[in-house]
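Novice: Residue numbers (our numbering), protein chains in the order written: chain B, 8 to 184; chain Z, 17 to 329; chain U, 7 to 617.
Everything labelled a hint here was simulated from the structure, so no lab data went into it. These figures come from a predicted structure and were not determined experimentally. Beta carbons are placed, not taken as given, at the ideal position from N, Cα and C, and that holds for glycine. Worth double-checking, as some hints may not be accurate.
What the hints assert, rightly or not - The following label-pair restraints were derived from C-beta to C-beta distances:
(1) U:T494 to Z:I279: 55 to 65 Å
(2) B:D92 to U:K406: 42 to 52 Å
(3) U:L607 to Z:Y329: 27 to 37 Å
(4) U:G576 to Z:F84: 46 to 56 Å
(5) Z:L95 to U:G576: 28 to 38 Å
(6) U:L607 to B:S56: 24 to 34 Å
(7) B:S56 to Z:S197: 31 to 41 Å
(8) U:L607 to B:H127: 26 to 36 Å
(9) U:G576 to Z:Y329: 22 to 32 Å
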Amino acid sequence: MRYAMAIDTRKCVGCSDCVVACQTENNVPVGFCRDWVVEVVDGTYPNVSIELRTERCNHCDNSPCVRCCPTGASHFEDGGIVLVDHNKCIGCGACIQSCPYDARYSHPDGYVDKCTFCIHRVREGKNPACVSVCPTSCMHFGDLDDPNSEIVNVLKNRKFKSLAPEAGTKPQIFYLV
Amino acid sequence: MKEELFASGRNIPNIDPYLNIWHWQIPGYLFLGGLAAGILLFASFFTIMGKENKMEATVKKAPMIVPFALILGLFFLFLDLKHKLYFWQLYTTVRYESPMSWGAWVLMGITPLSILWAASYVRELFPKWDWKYDILKKSEKWLIANRILMAWPMGALAVILGIYTGILLSAFNARPLWNTSILGPLFLVSGMSTGAAVIMLMSKDHKEKKIIGRIDILLIVVELFFIIHLFMGFLAGSEVQINAANLFLGGKFTAPFFAFVVILGLIFPAVLEIFELKGYKVPIVVPAVLILLGGLIFRFLMVEAGQITRYLY
Amino acid sequence: MKEIAEKNGPESMALFNHGSSGRYFTQLLNAFGSTNITAPSFAQCRGPRDTGFELTFGESVSSPEVTDIRDTRCLVLIGSHIGENMHNGQVQEMSEAIDKGATIITVDPRLSTAASKSKYWLPIKPSTDMALLLSWIHVLIYDDLYNKEYIAKYAEGLDELKEHIRSFTPEWAYGITTIKPELIRNTAREMANAAPATIIHPGRHTTWYGDDVQRSRAIAILNALLGSWGNRGGIFLKEGIKVPEFPRPEYPKPKWSWQDTLNGRYPLAKESITNTIIEASIPAEGNTHQIKGWIVSGSNLVVAIPMKEQLMKAMQSLDLLVVVDTMPMEITGFADVVLPECTYLERYDDLRATAHREPTLALRMPAVEPMYETKPAWWIAKQIGERLGLGAYFNFTDFKEVLDWQLKQLGLSLNEMERIGVKKYARKTSAYILPDSDHHFKTASGKIQLSSKELEEFGFDAMPKYTAHAQPEEGFYRLIYGRAPMHTFSRTANNRNLVALMPENAVWVNPQVAELWGLKKDQYVWLKNQDGVVSNFSVKVRVTERIRWDSVYIVHGFGHHHKPLTYAFGRGVNDTELITNVMTDPIMGGTGMRGNFVTFLTDEPKKEAKL
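Just chain B, with the same shape it has in the complex:
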């Protein structure tokens, strides 16, 4: 089992529903977020292109955050989901330094926090909150090891990229382009 996400940049309009859904679902304090939207504008008027991407923890296969954690608070769960055990986290900040996506932040309560792929929902067979609210249905969440899953299907049929692959982390969020 290997959970992953494929995000269709051709459909995302950057509405930020995913950001709000996550903040609400996971009680993220105001001013913080576990997912966010990036806009990249390229070209010169009038030949301009925009890429809109909703970003979050990449739940990397080769996770520097899990490696550098001195207490084992950052760890892998089933399906490759990277989690932080709040009761083991000492808040040293090493994992924040180690993440090329800057996907982690220091929660006001002290521990380090980040996207969990909504593991509590996934275990109930639901999609993560961000995926479930997207009005453009631009996000596909699923199991890469399941050949019949929607995500395997879109990744088979579409061109995709991942972010900062050169950082060597083997990210598991794929952007359909």
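Keeping the supplied structure of chain B fixed, place chains Z and U upon it in accordance with the hints.
Specialist: Frame of chain B; chains Z and U shown alone:
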């Protein structure tokens, strides 16, 4: 024109616009760790070489401050923690791949060792000192008899600690400025140099000062070589590494780095030390203090600049 | 209200409303004896479009729009920025259309999000849309690309139209719009190739230049020529469920209504015009239909209505200003009475049964109890009604009784609806015009009006014409405003969570303009318009290739100047305060607001220069 912006979310405190999660505590901790490692390495070395009585400041005096430096360093690390009450979790597990875990355990080993080392010399330096209890007196005797036995692991741990202060940073491939294996040796050498500076400050023996001064010149030359090597490596690297190097080669860290670290912290004290060796009268306090300040500023700059370097946005 | 009725008659009470709460206050005013009920959503927003389509097809595209975006093969957006304007159904359908490979053509001086998803982006010179539309009509007709069978069967006036647009060639339009003739022809061909599954989107906020009904007419004519109305992937025929009205006494007949204040102006306005109600609230010689009291429900007029001076004068002349809203905003600061309403998650509301692709019935019910002293709008209206002796019009103790009664008439019950939430019905009629059907449009003649007799009767152009509009003077840039998906108009500007998402707006400036002015990214500037009005606050500069060099863009709904709005106060610039030039549409009274030009002030201007 290319534009990259957060349409929403992010702009999180201490994460954006650039990472600022480690403040003064970490460079302070790295400085004290390096300095302690340097002193202990010299102390072990000259003890093993049987020169403890010729190198009094190196082997006996300077190590007195090491336990304090290490404990203060650990306290700085503690201050850096955002979830302080869970500090003990560091010592419930050994994480081989985590430099932070390595550091915690190395300090766990070297700090008591440095205390024992200092304890074994207390009465020699402070003759009025009384251990009061028999058990302590017996222990002291044993320690004095087995200094060589202590020197070996202490020296080894000192090297690990010195290198560790660099590896703590270099292990993060997400921060291109830190992500180079030269940082370990560089921080070790720099730490040794600051250790040497402390010894020079504490030493009253001209011969000892001369020996340490010679070593220090060598260390500074090696350090300068490593620094050149560091930037050469970056400039031959990927775009993010080139950007990292450029922070120091024309970017906003150029002036403080070259003024306070390279010139005032390395070259100028080295020149003063050479003059001293040539027989000119140079108050040793000047190069020593400059080296210490240079080492401290170097760590502050590296920690701050490293957090600015990133892969995305 | 009683005093006002005694002195000036009940007609002197007016209602400004937006959203579901307006219904109960409409009922209250109707029972009281006034039909002066208005919504900014007409004269400040969709009015021209609705009028234009009614004149052409006999009916408007409704709200939510009956555009079949889901199944379209070619979607043409004229200044419509779906995706930034989060009309959720349309956003969902546009995404489906992208999936299915539909061609999107976007006409916008700004590379909107939708434009970035388009095969063609036509960065038109602002205010020249009409020329582009006419040249498209020209190409469709003269290149024989239009749906001849459809036009022959369902439309009248083709010959007049053909003659009318003879000279409006793409070459002619190029000189006006800066869009290359080749591109105009190619896009026209794309539309024709996909037709009838082509939508020239009617837009929504269409009050731009004062000839907006005519522009909407041109859009409607294009849709007609492509045969979109009544075809799959074009504009479908809506069907809905009719919900019976809860029994009530007849409303009294008012002695006068908003139409009587028009004095022959705006003859084709089918809905009331906010601005004329505001005008009627200012005492003046000859104003025999004086309005003395307002109820404002869910519309922050201060930030929504242009020509601030007139609005201020009107509000100062009122005897009573009641504001009903869920959150404090500027307008609550002007109110004599504030009636705090609970949010939609805390109340029952009217059944929703808007006709659309599928007939549906939807129930709104509380998810949580109301907080503080807030009350549902039906409760507030009923309480006022009872105190005015109009209790008979609110013959229920709880709105649930009304809902249950209505649902029982439909063979349902409130209990059941609370369980299912939404009930879908099967269509009884076809969503499309069936081949060989004898479809009658809702115009007087039953045919699509390519040339409008109705307009002609009232002395307007029967067919759309291009009018050159004022262009910015040197150093000035056309002020374009729009929406951001994070906020709902200006109403959410003080919502802490949404402020965290988007705290302020930015002024979008082309890099060439930025260079000319020496403007840097994230620098704060003040904006001054053509009439010397300076923005209350400063605004961040966004240097971006996404906009033409003759225009600047800001998101509407920021720059709040009401201090108690802790999170919104002083953040960004309010476009409405810079809209002092309003070009009113003579056909229906829409307030054209895109004819304002601004320049940059890099230093904080002196206080007295501010409005």
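Novice: Each hint: holds or not?
Specialist: Results for each hint:
1. U:T494 to Z:I279: 55 to 65 Å: Holds, at about 59 Å.
2. B:D92 to U:K406: 42 to 52 Å: holds (47 Å)
3. U:L607 to Z:Y329: 27 to 37 Å: Given about 31 Å between the Cβ atoms, the range holds.
4. U:G576 to Z:F84: 46 to 56 Å: The hinted range 46 to 56 Å holds for G576 of chain U and F84 of chain Z, with Cβ atoms some 51 Å apart.
5. Z:L95 to U:G576: 28 to 38 Å: At roughly 37 Å between Cβ atoms, G576 of chain U and L95 of chain Z fall inside 28 to 38 Å, so the hint holds.
6. U:L607 to B:S56: 24 to 34 Å: Cβ of L607 of chain U to Cβ of S56 of chain B: about 33 Å, so the range 24 to 34 Å holds.
7. B:S56 to Z:S197: 31 to 41 Å: At roughly 39 Å between Cβ atoms, S197 of chain Z and S56 of chain B fall inside 31 to 41 Å, so the hint holds.
8. U:L607 to B:H127: 26 to 36 Å: violated (52 Å)
9. U:G576 to Z:Y329: 22 to 32 Å: holds (28 Å)
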